[in-house]
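So the chains spell out like this:
Protein chains: 2
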Amino acid sequence: MTDNTIKLYQSPASPNSRRVRMFLAEKGVQVAVIPVDLGAKEQFSDPYRAINPRLQVPALVLEDGTSITEVPAIWRYLELTHPGTPLLGATAKEQGLIAMWERRVELDGFSAVMEAVRNTVPGLKGRALSGPHAYEQIPALAERSLERIKNFYADLNTWLGTSSFVAGEQFSVADITAFITVDFATGGAKLPIPEEHTATKRWYDRIAARPSAKA
Amino acid sequence: MTDNTIKLYQSPASPNSRRVRMFLAEKGVQVAVIPVDLGAKEQFSDPYRAINPRLQVPALVLEDGTSITEVPAIWRYLELTHPGTPLLGATAKEQGLIAMWERRVELDGFSAVMEAVRNTVPGLKGRALSGPHAYEQIPALAERSLERIKNFYADLNTWLGTSSFVAGEQFSVADITAFITVDFATGGAKLPIPEEHTATKRWYDRIAARPSAKA
Chain A
1290 MTDNTIKLYQ SPASPNSRRV RMFLAEKGVQ VAVIPVDLGA KEQFSDPYRA INPRLQVPAL
1350 VLEDGTSITE VPAIWRYLEL THPGTPLLGA TAKEQGLIAM WERRVELDGF SAVMEAVRNT
1410 VPGLKGRALS GPHAYEQIPA LAERSLERIK NFYADLNTWL GTSSFVAGEQ FSVADITAFI
1470 TVDFATGGAK LPIPEEHTAT KRWYDRIAAR PSAKA
Chain B
1290 MTDNTIKLYQ SPASPNSRRV RMFLAEKGVQ VAVIPVDLGA KEQFSDPYRA INPRLQVPAL
1350 VLEDGTSITE VPAIWRYLEL THPGTPLLGA TAKEQGLIAM WERRVELDGF SAVMEAVRNT
1410 VPGLKGRALS GPHAYEQIPA LAERSLERIK NFYADLNTWL GTSSFVAGEQ FSVADITAFI
1470 TVDFATGGAK LPIPEEHTAT KRWYDRIAAR PSAKA
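Those protein sequence lines, which keep their order, are chains A and B. Just so it is clear: in the first sequence, position 25 is 1314 by our numbering, and no numbers are missing. Just so it is clear: in the second sequence, position 133 is 1422 by our numbering, and no numbers are missing.
Isolated chain A (complex conformation) (with noise of 0.2 Å):
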């Protein structure tokens, strides 16, 4: 279906926007995509930052022209929204469980790679955390952050060896934020997922097969 109500400010190349995007296809819903320029640093502008005051991607605009930002607080509101096929759980320990499995892939390994790339990316210098402030760049991070990945890739292995997918036997958005990040270490820090990590590549065979993996 077509949502007219709401707008989708997005990068194609933004792996934070693809997590929203991922998230729409699984529900099969349709929304209105406004591309956000980051290589012409589009989200700086004073319209972007009117808004999305943190300069990020994505941010989705109400009808009233609300603009609710942060992929948690999205995934929230068209969760609640469209309801149909529930990604954040459908009970309350589902849903406690899958926020808490989102959060430790999150932290542990999409966090480490945006580290990672943002700590060595010669074109981010001065900007190594997204936002409004000017960081510059940690070398000593950058390479805290490789360790980092390399310790998520072999909890990720262990916790799948268990499970059919990140938070138990249901799909969720666990995996929609492993998956990505998988991509992302992959493309941006070069680590791709070690050769001995099976239970890893199984799973992530099986995501990657999903339509929404396209998205």
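No lab work stands behind these hints, which were simulated from the structure alone. On a predicted model such as this, the values are computed, not experimentally measured, just so you know. Check each hint, because a few of them may be wrong.
Copies of one chain are not kept apart here, so a pair can be met inside one copy or by any two copies together.
[Unchecked claim] In silico DSS-like pairs for lysine-lysine, Cα to Cα no more than 25 Å straight-line:
1) K1382 - K1296
2) K1382 - K1414
3) K1382 - K1490
4) K1316 - K1382
5) K1316 - K1439
6) K1479 - K1296
7) K1490 - K1479
8) K1490 - K1330
Starting from the structure of chain A, add chain B where the hints point.
Then chain B, alone, in the frame of chain A:
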């Protein structure tokens, strides 16, 4: 009311534990509280590892033995099982906006203070990130964290100049995280609210007057 179906593993000194205690106090819900002695490194023990492999407090344990960890996940479970006095918002729009503001405060404020403390306290050498993996402290990161806290304070004062509470006109989890961030910055990073930040000071005094502030 007392909820006998759950147990909260936590530490009195842990700011993340306090985020859950303050939430429960606002809800008027009492639960069994089990102290984890961080000074004695009880969070690294095998029994606690079985409760939370990330070796952090707090953790909520359900009657069937399920552990839910990570503060926003614990909040979600408690909000759904104790829906009176919603602290995560009622409508989809409120829930989205509160999740957004709470996360901004956590990423820009709470996490910056945690980073400052973890990268400077001598007792945390080799433990610059909480969790099962050892990481060395990075002095340049500690310095950057102090800048981040100052920027957070400036942004917070701007936001609070336009609304009664962090996420708008009602008390929410965004206020819980912001209030605890201020106390943590004051005690942990020796950065109290700057004298000239009158909007933040007025808001702080109102939150400090709530009984939950002592939880």
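To see whether the hints hold, each was checked on the structure:
no., hint, verdict
1, K1382 - K1296, "between (31 Å within a copy, 14 Å between copies)"
2, K1382 - K1414, "neither (43 Å within a copy, 36 Å between copies)"
3, K1382 - K1490, "neither (28 Å within a copy, 38 Å between copies)"
4, K1316 - K1382, "both (21 Å within a copy, 19 Å between copies)"
5, K1316 - K1439, "neither (32 Å within a copy, 40 Å between copies)"
6, K1479 - K1296, "neither (33 Å within a copy, 42 Å between copies)"
7, K1490 - K1479, "within (16 Å within a copy, 46 Å between copies)"
8, K1490 - K1330, "neither (36 Å within a copy, 35 Å between copies)"
In summary, the numbered hints that this structure violates are 2, 3, 5, 6, 8.
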